[in-house]
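Number of protein chains: 2
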Amino acid sequence: MNGAESLVATLMASGVDTVFANPGTSEMHFVAALDRAPEMRCILCLFEGGTSGAADGYYRMSGKVAATLLHLAPGFGNAFANLHNARKARSGVVNIMGEHASYHLAHESPLKGDTVGISQAVSHWTRVSADAVDVAGDGAAAVTAARAKGGQVATLILPANTAWEAAEGSAVAAAPPALRRPSGAQIAAAARALRLPGAALMVDGVALYTDVGQVAARIARATGCRLMGPFFAPRVRRGAGAVRMQRLVYEVDANLAIMADVTTLVLCGAGRPTAFFAYPGKPSLNEAPGTAVLELCGGDMDITWTLEALLSEVGGGALTAADFVDLDLPVLPTGGLTLDKVGAAIAHLMPEGAVVVNEAVTSGAPIAMATATARGHEWLVTMGGAIGAGLPTAVGAAVACPERKVICLSGDGSAMYTLQSLWTMAREGLDVTVVIFANHVYKILHGELAAVGATAGRNVARMFDMVEPRLDWVALAQGHGVAGVRCVTADAFVAAFGRAMVTPGPHLIAVEC
Amino acid sequence: MNGAESLVATLMASGVDTVFANPGTSEMHFVAALDRAPEMRCILCLFEGGTSGAADGYYRMSGKVAATLLHLAPGFGNAFANLHNARKARSGVVNIMGEHASYHLAHESPLKGDTVGISQAVSHWTRVSADAVDVAGDGAAAVTAARAKGGQVATLILPANTAWEAAEGSAVAAAPPALRRPSGAQIAAAARALRLPGAALMVDGVALYTDVGQVAARIARATGCRLMGPFFAPRVRRGAGAVRMQRLVYEVDANLAIMADVTTLVLCGAGRPTAFFAYPGKPSLNEAPGTAVLELCGGDMDITWTLEALLSEVGGGALTAADFVDLDLPVLPTGGLTLDKVGAAIAHLMPEGAVVVNEAVTSGAPIAMATATARGHEWLVTMGGAIGAGLPTAVGAAVACPERKVICLSGDGSAMYTLQSLWTMAREGLDVTVVIFANHVYKILHGELAAVGATAGRNVARMFDMVEPRLDWVALAQGHGVAGVRCVTADAFVAAFGRAMVTPGPHLIAVEC
Chain A
8 MNGAESLVAT LMASGVDTVF ANPGTSEMHF VAALDRAPEM RCILCLFEGG
58 TSGAADGYYR MSGKVAATLL HLAPGFGNAF ANLHNARKAR SGVVNIMGEH
108 ASYHLAHESP LKGDTVGISQ AVSHWTRVSA DAVDVAGDGA AAVTAARAKG
158 GQVATLILPA NTAWEAAEGS AVAAAPPALR RPSGAQIAAA ARALRLPGAA
208 LMVDGVALYT DVGQVAARIA RATGCRLMGP FFAPRVRRGA GAVRMQRLVY
258 EVDANLAIMA DVTTLVLCGA GRPTAFFAYP GKPSLNEAPG TAVLELCGGD
308 MDITWTLEAL LSEVGGGALT AADFVDLDLP VLPTGGLTLD KVGAAIAHLM
358 PEGAVVVNEA VTSGAPIAMA TATARGHEWL VTMGGAIGAG LPTAVGAAVA
408 CPERKVICLS GDGSAMYTLQ SLWTMAREGL DVTVVIFANH VYKILHGELA
458 AVGATAGRNV ARMFDMVEPR LDWVALAQGH GVAGVRCVTA DAFVAAFGRA
508 MVTPGPHLIA VEC
Chain B
8 MNGAESLVAT LMASGVDTVF ANPGTSEMHF VAALDRAPEM RCILCLFEGG
58 TSGAADGYYR MSGKVAATLL HLAPGFGNAF ANLHNARKAR SGVVNIMGEH
108 ASYHLAHESP LKGDTVGISQ AVSHWTRVSA DAVDVAGDGA AAVTAARAKG
158 GQVATLILPA NTAWEAAEGS AVAAAPPALR RPSGAQIAAA ARALRLPGAA
208 LMVDGVALYT DVGQVAARIA RATGCRLMGP FFAPRVRRGA GAVRMQRLVY
258 EVDANLAIMA DVTTLVLCGA GRPTAFFAYP GKPSLNEAPG TAVLELCGGD
308 MDITWTLEAL LSEVGGGALT AADFVDLDLP VLPTGGLTLD KVGAAIAHLM
358 PEGAVVVNEA VTSGAPIAMA TATARGHEWL VTMGGAIGAG LPTAVGAAVA
408 CPERKVICLS GDGSAMYTLQ SLWTMAREGL DVTVVIFANH VYKILHGELA
458 AVGATAGRNV ARMFDMVEPR LDWVALAQGH GVAGVRCVTA DAFVAAFGRA
508 MVTPGPHLIA VEC
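Protein sequence lines, in the order shown, are assigned to chains A and B.
The first sequence begins at 8 in my numbering and counts up one residue at a time.
The second sequence begins at 8 in my numbering and counts up one residue at a time.
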């Protein structure tokens, strides 16, 4: 058994049985070891951003850590953006990054790069294996780290000689340290605060997609506080049967209005609401000046325990039907196509339990609005704001949930960052319906430019508008092995999306409206 | 004038008039400033790896520094791999990386990331502007740094508030410090060494693509030493009229054989020849044990001055026709297609002064062999070994040399990393002919796996083979707005490539053989 084999055995023994891979030469012994472990599922992505985004989506929908297999420094660089997104989503990921044999690093070979530096710029945990006999223990430590604190990015750097030299058996990841909990005094203080006029409880994490949300709603019933959620959340249960709560939005001014009469804010799983960007003359924080903010429980702490303790402290309120979203399906649209009609069609047609990955940027809001009362579903967004996560996240979600329909909403601009994921959908036969909003423009940038008070001239047009030529989405889909269709009427979209909902496997629908 | 405007004015005043851009919101004031400078050429890339690879190709063919415009940490991450390649090519690049307003960094917004950390992992020079009034000076310092030491990667991080706050005019980049030169004693010692039996002079940099190569050849004539070049070089003049020299190759064993009877190696512009990867039981260095190695002049030093001083020291030898490559064109192939026939067709048809960007990986060697005696041309390769550089480098080369035909040879695997560059070729009407070697496999990985003594099973097939489905290259080209054709016979390839050589603008030819 060599170091690479000890690592594969360790991953399997530790419950990591899926690898999103984009291998290179320095990982060849690890590849050979994976080949001798046919029970490990190896999923090829044709670009590293596909691997890290898929691992993010996989963790969010399964709660399980996947591994990525990445070539040394530049390969990790290609994975960086979606590792950033995974980090912000608190998704547990184990990256196995190849590295030159340690003695080879004395020389300036082409691929030599700062593997530790780039890893540390995004990983919570980084380790370089020093010896083949250490690799099993290092791999187990990486899995433990990835599972700790509600999910972390852990990177194990594997010098080639530690992969090919002799090792001794596997290790098993330890249970991660228990999640931290607030003190009894903090629980009592939060309970008191939530009874004040103008109090709000803002929750995140499991409270947004499991029945823990009902615990939060009962606290709100018992105390009379508002129940709120952030705009960006890794996973949210929506539609019929979901717990009603008030979510923040993207725009600073709208959030300031939403938060204007909140005088006490208790945070449980959620961070302090912050503007996506700073703008001249606008505040970074969303709460009104003077708001009392109690950071009761961070996203890396025990949210379930905290909410249950808080419920005990306040004495449980009872929920009624009014606390849950009712099913209310829009009628199927006809005629010319608008974003509202796309939303209506999706809301009408998508099945119970669908997983929606939304990276439609400016086109996404009408779809979110239309689907708010659709059949129960879950909603995933790009947590780190780095576009190019949508398609890979959909890959990971579909691998995690083969029995569920995955719907990926993407802007045309954002889809172009990691379009190679279409091929992985085709290769793996994943049940993903990709809807591309082909407006042929980075529309959000035009909006942000207007927000800073500038008008658009020639250079802006050259940098914001994806015209001359327009992308041909049907051809792009076909090129990757996915059937694609372009829709410019509501009837065509209803037909195409309806067909996709009842036909397993990948589909791409380009919407132009 | 705000900080962003002072930066644009500084870039223009310093001779930087081309920006390869993939902008985001945090750069909006810089975008607005670019919009007010219509004399700045802004070229949109739909993925950041396109910007950094294009800046690399642009510098190599023009000697001029271009700027990239990158979104904060994850956007820079997407550019990382081709910045790594640019670094290894000694290409001068100025990255302008956006950043949150400095006061906004106190809060955990989605896009907040380690901008300095990721920059320092690949840049020679990193600076964060601290104040709007500093931005002009910082920008000039970045350009100076990018031009120093024969070309460096310089990254200026621009917090949004330093872009939007008031500044005062522009600055001009200083001339970079003079290149270091070896001492007279070192020159004399090198001259003595080159007269020894078994001596070789290995050159790189300008000696490989300008008439400085003839200086090196005259030194070889005068001393009787062998004239050599490395395998990986940023820019090489090849074909008829090029100076003959012995180049190293990729394979370790072959290089060991080439170097076996070199007992004294003088390096001028070239680094110590190093194996691309380490392999069990094989050395990292290419020279025979006991070889005397004189590192006379690094790639960051004054190669031209050094070779001229060395020529004076040894007393100039005269060159004859035998020192130059003769034109010898293969006949046009017919019948079934092989890589040798693709090479013959390219060699026969490509025009004088063509620029060949080669990232064909395993398919490239037969093309290189066939074109060795073609009309005079230049040859660029991926210097950092990170695939995904070919198409972007071709973009940059074509922008730098609009009067020359650019031919981009790419593996199908490598092209998939940065395929978005096809769209930029179409948008800018670049005269690039892309030849995709569509063997539907990461063939080099199969070779490397065999080299470590492993056989391929199911997981290797799942990770190395791009089949089920096959990529459709004609559709992929069409999707990006480029006319594509698939060739499976020599006659078809001759027709398609011949047409591309006389028709300006982008073309894609997929070769399956």
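In short, the hints are calculated from the structure, not lab data.
Note that the structure is predicted; figures quoted are calculated from it, not measured.
Hints may contain errors.
Since the list can't tell identical chains apart, any single copy or any two copies may satisfy a pair.
To be verified - Think about it this way: if two alpha-carbon atoms lie no more than 27 Å apart in a straight line, the pair counts; the simulated BS3-like pairs of lysine-lysine are: (1) 289 <-> 156; (2) 156 <-> 119; (3) 450 <-> 71; (4) 71 <-> 119; (5) 450 <-> 119; (6) 156 <-> 450; (7) 71 <-> 289; (8) 289 <-> 450; (9) 71 <-> 156; (10) 289 <-> 119.
State whether the alpha carbon distance between residue 450 and residue 71 is at most 27 Å within one copy, between copies, both, or neither. neither (35 Å within a copy, 32 Å between copies)
Up to 27 Å CA-CA - residue 450 versus residue 289, copy category: Answer is within: at 22 Å inside a copy they meet the 27 Å cutoff, but 54 Å across does not.
Homo-oligomer pair classification [residue 119, residue 450; C-alpha up to 27 Å]: Classified as between: cross-chain Cα gap 22 Å, same-chain 39 Å, threshold 27 Å.
How would you classify residue 156 and residue 119 at a CA-CA limit of 27 Å: within, between, both, or neither? between (33 Å within a copy, 20 Å between copies)
Given identical chains, is residue 289 near residue 119, meaning Cα to Cα at most 27 Å, within a copy, between copies, both, or neither? between (44 Å within a copy, 18 Å between copies)
Intra/inter-copy verdict for residue 71 and residue 119 if alpha-carbon distance must be at most 27 Å: Between copies only: 26 Å across, 32 Å inside.
Pop the pair residue 156 and residue 450 into one bin, within, between, both or neither, using alpha-carbon distances up to 27 Å. neither (37 Å within a copy, 41 Å between copies)
First find the shortest C-alpha distance between residue 289 and residue 156 inside one copy, then the shortest across copies, and answer within, between, both or neither for a cut-off of 27 Å. neither (33 Å within a copy, 43 Å between copies)
For residue 71 and residue 156, with the copy left unspecified, which applies at a CA distance of at most 27 Å: within, between, both, or neither? For residue 71 and residue 156, the Cα distance is within 27 Å only inside one copy (14 Å; across copies 48 Å).
Checking an output row: residue 71 and residue 289, CA cutoff 27 Å. Within, between, both or neither? Neither, since 40 Å and 40 Å both go past 27 Å.
Hints 1, 3, 6, 7 from the earlier list are contradicted by this structure; the remaining hints agree with it.
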